[in-house]
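> Chains as they are written, first to last, in the numbering used here: chain A, 1 to 161; chain B, 1 to 760.
Don't take every hint at face value.
As the list claims (entries may be wrong) - Which residues of chain B face chain A? A few of them, derived with a C-beta cut under 10 Å, are: (1) A17; (2) M475; (3) P690; (4) E699.
To be clear, the hints were calculated from the coordinates, so they are not data collected in a lab.
By construction, the Cβ of each residue, glycine as well, lies at the ideal position given by its N, Cα and C atoms.
What follows is the residue order along each chain.
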Amino acid sequence: MREDITVTFTLNGAQVSIETSPGRRVLDLLREDLGLPAAKEGCGSGECGACAILVDGVARLSCLMLAAQLEGREVVTAEGLGTCENPHPIQAAFAASGAVQCGYCTPGMTVAASELLARNPSPDRCEVREAVSGNLCRCTGYVKIVDAVMDAAEAMRGGDS
Amino acid sequence: MTLAPSSIPHRDSLSKAVGAERFSTDFSPPGCLWAGARRAGEPHARIKAVHTAEARAVEGVTAVLTGADVPGSNLQGIIHKDQPVLATDTVRHAGDAVALVVAESREALARALSRIRIELEPLPGVFDPELALKPGAPLVHPGREGGNLLSRGLVEKGDAPGAFAGCDVVVEGRYETPMQEHAFLEPPNGTARTTPGGGVEMVVSTQAPFRDRFEIGHALGLDPMRIRVRAPYLGGGFGGKDGATVQCLLALAALHCGGRWVKMCWSREETFLAGYKRHAARMRVRLGAARDGELKALDCSMHFDSGPYAHLTVEIMALALEHAGGPYSIPHTRIEGFCAYTNNPVGGAFRGFGVVQASFAIERSMDALAARLGMDPGELRLKNALRMGDANCAGVAVESPSGVTQCLEAVMAHPAWAERAAWKAGAPAFKHRGVGIAASLNAMGYGRGLPDSAAAKLELTRAGTFRIFNSVPDMGQGNAAAFVRMAATALNQDPAVFELVQPDTRLCLPAGSSSASRTTYTYGNALLKACEAMHAKLKARAALFLLADEPDRLRLAPGAVVDEATGRSVPLSMIGAMLSRDDRICVDQFAMPVVENPPDTGKEFRLGFPHRYFSHGACVCAVEADELTGQVELKSCVTAVECGRVFDALGVERQIQGAAAQGAGFALLENLAVDGGRILAGGLDTYLIPTSLDLPGLECLAVDGDEPTGPHGLKGMGEVGVHGPAPAVAQALQDAVGLAVRRVPVEPEDVLRALRGEKA
Chain A
1 MREDITVTFT
11 LNGAQVSIET
21 SPGRRVLDLL
31 REDLGLPAAK
41 EGCGSGECGA
51 CAILVDGVAR
61 LSCLMLAAQL
71 EGREVVTAEG
81 LGTCENPHPI
91 QAAFAASGAV
101 QCGYCTPGMT
111 VAASELLARN
121 PSPDRCEVRE
131 AVSGNLCRCT
141 GYVKIVDAVM
151 DAAEAMRGGD
161 S
Chain B
1 MTLAPSSIPH
11 RDSLSKAVGA
21 ERFSTDFSPP
31 GCLWAGARRA
41 GEPHARIKAV
51 HTAEARAVEG
61 VTAVLTGADV
71 PGSNLQGIIH
81 KDQPVLATDT
91 VRHAGDAVAL
101 VVAESREALA
111 RALSRIRIEL
121 EPLPGVFDPE
131 LALKPGAPLV
141 HPGREGGNLL
151 SRGLVEKGDA
161 PGAFAGCDVV
171 VEGRYETPMQ
181 EHAFLEPPNG
191 TARTTPGGGV
201 EMVVSTQAPF
211 RDRFEIGHAL
221 GLDPMRIRVR
231 APYLGGGFGG
241 KDGATVQCLL
251 ALAALHCGGR
261 WVKMCWSREE
271 TFLAGYKRHA
281 ARMRVRLGAA
291 RDGELKALDC
301 SMHFDSGPYA
311 HLTVEIMALA
321 LEHAGGPYSI
331 PHTRIEGFCA
341 YTNNPVGGAF
351 RGFGVVQASF
361 AIERSMDALA
371 ARLGMDPGEL
381 RLKNALRMGD
391 ANCAGVAVES
401 PSGVTQCLEA
411 VMAHPAWAER
421 AAWKAGAPAF
431 KHRGVGIAAS
441 LNAMGYGRGL
451 PDSAAAKLEL
461 TRAGTFRIFN
471 SVPDMGQGNA
481 AAFVRMAATA
491 LNQDPAVFEL
501 VQPDTRLCLP
511 AGSSSASRTT
521 YTYGNALLKA
531 CEAMHAKLKA
541 RAALFLLADE
551 PDRLRLAPGA
561 VVDEATGRSV
571 PLSMIGAMLS
581 RDDRICVDQF
591 AMPVVENPPD
601 TGKEFRLGFP
611 HRYFSHGACV
621 CAVEADELTG
631 QVELKSCVTA
641 VECGRVFDAL
651 GVERQIQGAA
661 AQGAGFALLE
671 NLAVDGGRIL
681 AGGLDTYLIP
691 TSLDLPGLEC
701 LAVDGDEPTG
711 PHGLKGMGEV
721 GVHGPAPAVA
731 QALQDAVGLA
741 VRRVPVEPED
751 VLRALRGEKA
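This is chain A alone, in the form it adopts within the complex (with noise of 0.2 Å):
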């Protein structure tokens, strides 16, 4: 067996420095050894998107990455978007929206959305739908997910349309 490494990496905005076996998977690492459990397993092999975090911005499945891959990057999980006390708008659009049912698809579909919004303030319905197409959701139909991220996209832009 190879031995532990450390990875140093940003999480949420804080350093984090942690030992850990290299081949350990990112969402592991997260949810079991740093305490955010945010972050899903659906399916622990790509499809489903439950785990997506943000790394250096972009929305990755943190089933599929292993520890080491973390070091010197900046990590976001949904914890790390908002809390219930002061949520990103995305989080308070999905939840004013009707978007979350069983809510286990959720932390990752906010990733994803918040992916898109950063780098397109401004999406049509299509755009939002083409960018959680990674993310399964066995129960809303979408409708109400495109919805929040619509309202989000303009709670962002300042509540302009």
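Fit chain B to the supplied structure of chain A, relying on the hints for placement.
What follows is chain B alone, placed relative to chain A:
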């Protein structure tokens, strides 16, 4: 009417959106052990030996158990107990668990599981529910009376065989629907430990915590009342977590962990392999009518593939038979059903519970009839729609207002149907457009023979806020939030002062499962009764403070009880602080009323037949088929539902959109291919469920009804929306390319064959 969004978001929505809500899979106590099952991999075989020595030798492994280590009956099952926790002598499907391993880490667990060697002697299997009933078929349970016939049922009304002679038109068809995977995103999982007193406690993703205790207790020979089950919000269920998944294995593992927590979480592949599926069904329908389209007679037979264990197959078949006539008035019916044991994956509950299959067959038959009569398929449905006082196909009179007519009228007035001719004429090059319509109904609750009951507990805290002890898990349908709104309305309080305790068999009072579109109706009624008691109590206790000798003149205001006569009030916090714990709690219960004079049919079904209350629906789907690739695109899907009074417009809309999405997947994508008992599409890479790009803007219209027995006049509606898309898409494809759809999912090859003029 299109629903206006409700202004109050569901209370768990934000905690889930920010990732703060804890699902059972997020419950990982420090020092937790890991458990996992070794699955057979063979669909039918004799177990000659299970070699565990190498697995035991893996560092970090604390226990390796086989069937011989299971105390109790080693049999799971909700009603019919025939599924071993760990198979001992025979493997009956590829997902059977043969050994259970407990280890200090997931890595050690995986290593040990791969080192268990199972010596199997393959046996001939049976994989077809009709062939399984033929003489000489391999037996799934040798020596069982009845062979592979798990159950037969018959529902009859009038004289169907005789009535066909008087019909002007008779259509006949065979239809087939496949297994469907729930594909809830949170895999089956849980965490358990033994307690010092000799009990077991468990946090698990389950739809039926109160029932789980008995299933675990029976299988493992434990006292069910010493089993505590907690059910946080589920990451989806849809029926797939109705019945033991991890529960019995997990409790067995806990018995060997000396009080330490042990966790089990199935992988996605294991969930495909071992989880329950919507039953594959074969259906033959004869439907007869007069020249003017009035239905006269229905003769139907259905075969359900149970897989190797009964699970809920008999009950699902009962519901299928009860719904085989659809939402139509048919004077003469004969509906026969068979469920057969096979060596395929295990069939189980899935949103729509047998009605999805029946609905496809009767709706396709209605289309065939409309075509033969040259009638508009919407008009034919309207003409025969069940109305107040009509008897349904099982002979039960419709006694609550029937919304099927209103639902049909709503979707037929929608542009997707009303303007279909113009839309079809605008098809782009190489595309063929078509539009289809379907109607449906879905029973609510367990039906006669099985009390559909719930008990609710409501506590006034010492601080003057309220605590609702929810007994019915929320798998995403939003019942938890509905309970808060109901109680807040009943007690005239701000919803924010209600805390909601999620199901916990130690703290909450017993209730049935989160299933059968029953949760909000049944628990909601119990909760409203508890609220009434709380209302009376608060006034009576406040009267002591206010020196009001007529408590009835007092009124509940947010945070206080007010005496308008004197202008004085007492804060709820003062009442809470004064009362003893016993006095701060109100409990009540409710059991759903049943059919009073059940018809003299369906005698085989002891439990769950017939039903008294139904929700109704209608659906229009528009599709575009590509003549070059055969690909079918769903362009619009409009669903109307009547589910009593609309209490939470947003809640109705989201459930109906979600149900329609699952129906659309069933129609066009989801093919759980199984060959010789082996699942070929065993992951989300090969079993395709709809993505955001596969679904159009699913639209929901709600017909406002009123169910006098329902809390705030509402009925359950979690299931009724799933039935429409498959038959409506089928009819739309017939309209578009002339494809006579007899099975789903429709494949591009089917479309291309139809375009070439070949028979389906």
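> Each of the hints needs a verdict: does it hold here or not?
A quick look at each hint next to the structure:
{"no.": "1", "hint": "A17", "verdict": "4 Å, holds"}
{"no.": "2", "hint": "M475", "verdict": "6 Å, holds"}
{"no.": "3", "hint": "P690", "verdict": "8 Å, holds"}
{"no.": "4", "hint": "E699", "verdict": "8 Å, holds"}
This entry satisfies every hint, going by the numbered hints stated previously.
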